[in-house]
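Chemist: Here the protein sequences line up with chains A and B, keeping their order. Just so you know, we're using my numbering here: the first sequence kicks off at 78 and counts up by one. Just so you know, we're using my numbering here: the second sequence kicks off at 15 and counts up by one.
Hint data in this document are derived by calculation from the structure and do not stem from the laboratory. There may be inaccurate statements among the hints.
[As the list claims (entries may be wrong)] With a straight-line Cα cutoff of 25 Å, these simulated DMTMM-like cross-link-like pairs (lysine to aspartate or glutamate) come out:
1. A:Lys116 / B:Glu21
2. A:Lys116 / B:Asp69
3. A:Lys116 / B:Glu145
4. A:Lys116 / B:Asp18
5. A:Lys116 / B:Asp16
6. A:Lys116 / B:Asp49
7. A:Lys116 / B:Asp137
8. B:Lys64 / A:Glu109
9. B:Lys64 / B:Glu24
10. A:Lys116 / B:Glu48
[Claimed, not checked] The following label-pair restraints were derived from C-beta to C-beta distances:
11. A:Arg117 / B:Asp139: 12 to 20 Å
12. A:Pro102 / B:Glu70: 21 to 29 Å
13. A:Ala125 / B:Arg160: 52 to 60 Å
Positions of the beta carbon are idealized from the N, C-alpha and C atoms, including for glycine.
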Amino acid sequence: MNYDHTLTVIRDHLAEAQHSLGEMPAGVPASEIFTRVRKRRRRHAIAAVAAACAAIGLAIAVALPSGTQPRPVHVHLAAWSVDTNPDGTVTFKLRNTSHPARLERVLAEAGVPAMVRSGEICLGQGRHVLLPTQGIVSYLNGRPTGMGSYFAVGGGSNWHGDLLLKWSWTITPSKIPSNAHFVISSIPGNHVPANRIQAVWEFVPKSAHVKCAASVKL
Amino acid sequence: MDEDQREFSEFYAAAWDDCLRIVTVSVGNRALGEDLAAEAFTKAWASWRKVRGLDEPRGWIIRCALNAHVSWWRRYRREVALGSPDDTVATGQDPVLDGSLVAALRRLPVRQRQVVALRLLLDLDTATTAEMLGMSGSTVATHLHRAIAALRRDIPALNDQELTP
Numbered sequence: 078m079n080y081d082h083t084l085t086v087i088r089d090h091l092a093e094a095q096h097s098l099g100e101m102p103a104g105v106p107a108s109e110i111f112t113r114v115r116k117r118r119r120r121h122a123i124a125a126v127a128a129a130c131a132a133i134g135l136a137i138a139v140a141l142p143s144g145t146q147p148r149p150v151h152v153h154l155a156a157w158s159v160d161t162n163p164d165g166t167v168t169f170k171l172r173n174t175s176h177p178a179r180l181e182r183v184l185a186e187a188g189v190p191a192m193v194r195s196g197e198i199c200l201g202q203g204r205h206v207l208l209p210t211q212g213i214v215s216y217l218n219g220r221p222t223g224m225g226s227y228f229a230v231g232g233g234s235n236w237h238g239d240l241l242l243k244w245s246w247t248i249t250p251s252k253i254p255s256n257a258h259f260v261i262s263s264i265p266g267n268h269v270p271a272n273r274i275q276a277v278w279e280f281v282p283k284s285a286h287v288k289c290a291a292s293v294k295l
Numbered sequence: 015m016d017e018d019q020r021e022f023s024e025f026y027a028a029a030w031d032d033c034l035r036i037v038t039v040s041v042g043n044r045a046l047g048e049d050l051a052a053e054a055f056t057k058a059w060a061s062w063r064k065v066r067g068l069d070e071p072r073g074w075i076i077r078c079a080l081n082a083h084v085s086w087w088r089r090y091r092r093e094v095a096l097g098s099p100d101d102t103v104a105t106g107q108d109p110v111l112d113g114s115l116v117a118a119l120r121r122l123p124v125r126q127r128q129v130v131a132l133r134l135l136l137d138l139d140t141a142t143t144a145e146m147l148g149m150s151g152s153t154v155a156t157h158l159h160r161a162i163a164a165l166r167r168d169i170p171a172l173n174d175q176e177l178t179p
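Please take these sequences and the hints and turn them into a complete structure.
Modeler: Listed below in structure tokens is the structure:
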């Protein structure tokens with residue numbers, strides 16, 4: 078028997094098998110199928126929304142500092158470094174304010190709230206806006222200081238190439254009032270005149286109005 | 015009932031019996047065939063805008079049902095492995111489904127069985143079968159050729175045309 082003949086025989090026998098099955102059960106009503114699909118779509122939509130919410134929640138959890146609980150950080154960049162010490166204090170070294178958003182985030186994770194800007198100078202506005210730093214910021218450049226709440230350096234010929242600060246603080250996060258933060262800003266490059274601020278940091282209330290400008294008188 | 019629902023209802027009413035028979039013969043189990051066909055029609059309604067545009071929507075139903083059968087079989091096999099070693103897929107002593115040809119059909123690899131279902135049971139041509147299964151016409155012909163060879167090996171009576179359905 079050749080291939081085509083076998084094919085015909087098999088087709089005939091399978092057709093016979095189909096018909097020999099007898100009366101087949103009726104399917105569910107079409108309305109039942111519509112309902113099933115509607116329910117599935119609703120489930121999928123809910124699952125998609127839930128997944129999206131979970132993803133957003135996870136992204137926020139990763140992006141934001143974990144509430145008020147600081148965690149140990151050890152981040153070292155050429156521009157700056159932040160290290161949590163065994164006693165809970167934080168050593169913060171600043172050479173310039175590159176990657177300001179990341180610096181803000183890392184400081185926040187270490188328990189040091191700060192606003193960081195690069196390319197402009199930011200200052201809290203109003204009289205008596207500066208907060209005391211005694212017991213909070215204990216050292217500057219490795220020396221004990223009678224810290225003020227404001228520290229600025231001017232531009233001029235002593236800056237070579239990009240701004241290169243040598244600021245180093247030891248900060249005690251647990252003593253920072255919940256309503257206070259640091260405002261740190263600098264302008265990279267060597268084109269800032271001596272009578273203008275090249276870099277500045279200050280300790281001010283979070284509610285203080287902070288004004289930023291490309292050039293600020295020293 | 016909107017226009018789409020009316021159109022699907024008509025297709026469902028006209029195609030259910032044919033599709034159910036073909037799927038049942040292909041999987042060799044009436045209850046499973048009914049479940050698979052029902053699931054395939056449900057999926058067809060979920061994708062009705064695509065399915066309605068096909069030359070042969072019934073082919074889509076059968077392919078979908080037989081694909082679902084693969085998933086079902088994988089799941090079932092795991093369940094059997096965890097259960098009693100005596101568990102088997104019972105066909106329920108069905109004189110039609112236990113026939114030598116239908117039983118041999120069940121032993122074919124899934125692609126070959128899909129080709130047989132579409133080409134011989136649904137009587138689609140090679141080009142439409144190829145489109146349904148996402149393969150070339152020559153691949154369809156190869157699968158069919160191998161399936162026929164396997165059936166002839168399995169059922170020597172085929173050569174004498176003396177076999178039970």
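Chemist: Now tell me, hint by hint, if it's right for this structure.
Modeler: Tested hints:
no., hint, verdict
1, A:Lys116 / B:Glu21, "21 Å, holds"
2, A:Lys116 / B:Asp69, "29 Å, violated"
3, A:Lys116 / B:Glu145, "31 Å, violated"
4, A:Lys116 / B:Asp18, "18 Å, holds"
5, A:Lys116 / B:Asp16, "18 Å, holds"
6, A:Lys116 / B:Asp49, "18 Å, holds"
7, A:Lys116 / B:Asp137, "35 Å, violated"
8, B:Lys64 / A:Glu109, "21 Å, holds"
9, B:Lys64 / B:Glu24, "16 Å, holds"
10, A:Lys116 / B:Glu48, "21 Å, holds"
11, A:Arg117 / B:Asp139: 12 to 20 Å, "34 Å, violated"
12, A:Pro102 / B:Glu70: 21 to 29 Å, "24 Å, holds"
13, A:Ala125 / B:Arg160: 52 to 60 Å, "42 Å, violated"
Taken one by one, the earlier hints fail for this structure at numbers 2, 3, 7, 11 and 13, listed in ascending order.
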